[in-house]
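Protein chains in written order, with this note's numbering: chain A, 9 to 251; chain R, 2 to 223.
Treat the hints as calculated values from the structure; they're not laboratory data. Errors might be hidden in some of the hints.
As the list claims (entries may be wrong) - Partial list, derived from the structure: chain R residues whose beta carbon lies under 8 Å from chain A:
(1) I129
(2) V138
(3) P142
Every residue, glycine too, gets a C-beta built ideally from N, C-alpha and C.
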Amino acid sequence: MALVEIKGLRKSFKDLEVLKGVSLTVEKGDIVALIGRSGSGKSTLLRCINGLEETQGGTIEVGERQISAKMAGLREYRQRVGIVFQQFNLFPHMNVEKNVTLAPVLTGKVSKAEARKLAEECLAKVGMLEKINAWPEQLSGGQQQRVAIARCLAMAPELMLFDEVTSALDPELVGEVLKVMEDMARQGMTMVLVTHEMSFARNVASKVVFMHQGKIWEEGTPEAVFGDPQTPELRAFISSTHH
Amino acid sequence: MNQFNFRPLFRYEDAFIEGILTTLKLAFQAGAAGLILGLVCALLLGRGNRAINLIIRSYIELIRNTPPVIQIFIIFFVFPTIGVRLPPFEASVVALTLYFGAFVTEIVRSGLASIPRSQLEAGHCLGITNLQVFLHVVMLPALRNIYPSLTSQFILLLLGTSVASFISTEELFHTAAFVDSRTFRSFEVYALISAIYVSLVIAFRLFFFAFGKLAFRWPTAR
Chain A
9 MALVEIKGLR KSFKDLEVLK GVSLTVEKGD IVALIGRSGS GKSTLLRCIN
59 GLEETQGGTI EVGERQISAK MAGLREYRQR VGIVFQQFNL FPHMNVEKNV
109 TLAPVLTGKV SKAEARKLAE ECLAKVGMLE KINAWPEQLS GGQQQRVAIA
159 RCLAMAPELM LFDEVTSALD PELVGEVLKV MEDMARQGMT MVLVTHEMSF
209 ARNVASKVVF MHQGKIWEEG TPEAVFGDPQ TPELRAFISS THH
Chain R
2 MNQFNFRPLF RYEDAFIEGI LTTLKLAFQA GAAGLILGLV CALLLGRGNR
52 AINLIIRSYI ELIRNTPPVI QIFIIFFVFP TIGVRLPPFE ASVVALTLYF
102 GAFVTEIVRS GLASIPRSQL EAGHCLGITN LQVFLHVVML PALRNIYPSL
152 TSQFILLLLG TSVASFISTE ELFHTAAFVD SRTFRSFEVY ALISAIYVSL
202 VIAFRLFFFA FGKLAFRWPT AR
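Just chain A, same shape as in the assembly (with noise of 0.2 Å):
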């Protein structure tokens, strides 16, 4: 069975329809990143994932357990997914222990005892140990980046969510996000991910999802999407992020 199992998904803003039923499948284990062009409806797609959008039709099975943005168990269920945002989204009153502790000790996952040491260790998977007292404010983007996978990795998820993780950040601090990403997957962690970074998907997914007008256009490993695209909007959209 699927760890997450979507079928003909539609979604709406007002009259704009930005899902037209998106079916995709993901296994445990998996790393999957959805590529595509601004305004495809990938970014919708992982939101509808974590229930941060009502949906206007199909299903979304993650465990073999219905979600909604509306469901009962919502919170218990996002205990277990973690999502991280372009533009980091710490809290900035709190310094980095907080940040990546203030979850797993409201939903009594540890004690206040015990937070320092989940900090530590979540905080030394992303490399950021030495801010642990540090105010998100003065962190670069890439260090807040990797705070706030830390502040998921705190939570012990079954599965990740990232959008647009790096697209805020400038060119050179990427590579240090991108390379936590790598440790996560390489340790089994089941991710999904909307990206720009074509390398990336190229180098780590294990599978490819081509997004194009709110449809899953095309979808398979890597070397199949990329090296021999089967549609011309496909093609386009890959020679366009040659640079």
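Dock chain R against chain A, hints included.
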């Protein structure tokens, strides 16, 4: 030429101290109650219920567009005709609470609006409750954003307590008018209470400044 002479005021020292204490009591009680009232109203406004919004908006507009002295008169002189009879001090607290609460509502509303949606989403996505998101994610940054206007509004409330004298609440301004009528030392009396009001305001401003420095220590982009 008049000779300034503060000496006749000395025997009213106790009255002035009573007046200061009553003024402070008015400000604290109306300040605390108005803060809660404003917070509740601002949170209710955010829920988007039309009937509730209409009631709260009407309340705010009514208070902000009428003189405070009329508000206090209505509560003290008009409410008894509908069976609500309050002694001067209590009537003053109620009137000042309604007055302060209206302004606090608007200030808190702007504070809540100043927190980006993405912060709320980040909180919700961690699987914590709505109340926890409010308490841990929204409240402190929102409070920091409105701290200058909120504290200024409290200073206005502190000075505004003087309208309570119109319904014979024996606060500082009332004491001054009383001493003036006994001594005919108008200049001295009003110079003295002006100095007292200024001192109170300076003391509060210093306290608010120090408290703000302690409570809001995180660095911001701006």
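Quick rundown of the hints versus the structure:
With a least beta-carbon distance of about 5 Å to chain A, the hint placing R:I129 at the interface is held under the 8 Å criterion. Interface hint at R:V138: satisfied, since its Cβ lies 6 Å from the closest Cβ of chain A, which is below the 8 Å cut-off. A hinted interface residue such as R:P142 counts as satisfied when its beta carbon comes closer than 8 Å to some beta carbon of chain A; here the least separation is about 5 Å, so the hint holds.
When held up to the earlier numbered hints, the structure conflicts with none and fits them all.
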